[in-house]
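Enquirer: Protein chains in written order, with our numbering: chain S, 43 to 151; chain W, 1001 to 1116.
None of these hints come from the bench; they were simulated from the model.
Where hints are given, some of them may not hold.
In silico DSS-like links for lysine-lysine, alpha-carbon gap of 27 Å or less [stated by the list, open to error]:
#: 1; chain 1: S; residue 1: Lys87; chain 2: W; residue 2: Lys1078
#: 2; chain 1: W; residue 1: Lys1011; chain 2: S; residue 2: Lys87
#: 3; chain 1: W; residue 1: Lys1078; chain 2: S; residue 2: Lys84
#: 4; chain 1: S; residue 1: Lys87; chain 2: S; residue 2: Lys44
#: 5; chain 1: S; residue 1: Lys44; chain 2: W; residue 2: Lys1015
#: 6; chain 1: W; residue 1: Lys1017; chain 2: S; residue 2: Lys138
Quantities reported herein were computed from a predicted structural model and do not represent experimental measurements.
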Amino acid sequence: RKEVEQDPGPFNVPEGATVAFNCTYSNSASQSFFWYRQDCRKEPKLLMSVYSSGNEDGRFTAQLNRASQYISLLIRDSKLSDSATYLCVVGRSASKIIFGSGTRLSIRP
Amino acid sequence: GAGVSQTPSNKVTEKGKYVELRCDPISGHTALYWYRQSLGQGPEFLIYFQGTGAADDSGLPNDRFFAVRPEGSVSTLKIQRTERGDSAVYLCASSLGPTGSQETQYFGPGTRLLVL
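Required output: the full structure, derived from the provided sequences and hints.
Expert: Below, the structure is given as structure tokens:
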């Protein structure tokens, strides 16, 4: 079993829709949580950190559920430019930073 | 300011050859990471430097892989006797360091290695 698991998708949704995906992690000692975005043939870029109380950045909302060991990402009013792969990242220490395999999202006009 | 840079952007080599991949981190970043990413997968950790020393090299797959960061800035990943299975995108990332896993990592554009 992988330490960080994501539904690979693809999620194919119309522009303007709300889409959400989850990521589960297996190590309860995990301390830090992030969502990164990766465009095709590009490097990953930080989308947002995920805090225990949940956090929002514009159309994006991230939640952490420590009891069930998952994090989620919600995208409201999706744009064509949101099409990308979303990587869930979980960290336990400076070097133990584990990336999920990513969830592919495609927004159609 | 300048981001993380990696050279070359693409490298094609033959099985058994030696390759070096270079990473220039963001100035002032003490933490540097190397990852390997295969198609359809997330980045897989290879090695982590804090300053000049390799703080964690547990992700290196075998002794054909080695990385250095002699002056605490530029790093070179070296692969000896390349195999076809080494073909992947090699990503370098840096972060301000040294407060651990909470910090944002900034990635370079990667080196696409193809071993024929």
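Enquirer: Now tell me if each hint is right for this structure.
Expert: To see whether the hints hold, each was checked on the structure:
no. : hint                  : in the structure
1   : S:Lys87 to W:Lys1078  : holds (25 Å)
2   : W:Lys1011 to S:Lys87  : holds (23 Å)
3   : W:Lys1078 to S:Lys84  : holds (22 Å)
4   : S:Lys87 to S:Lys44    : holds (22 Å)
5   : S:Lys44 to W:Lys1015  : violated (30 Å)
6   : W:Lys1017 to S:Lys138 : violated (31 Å)
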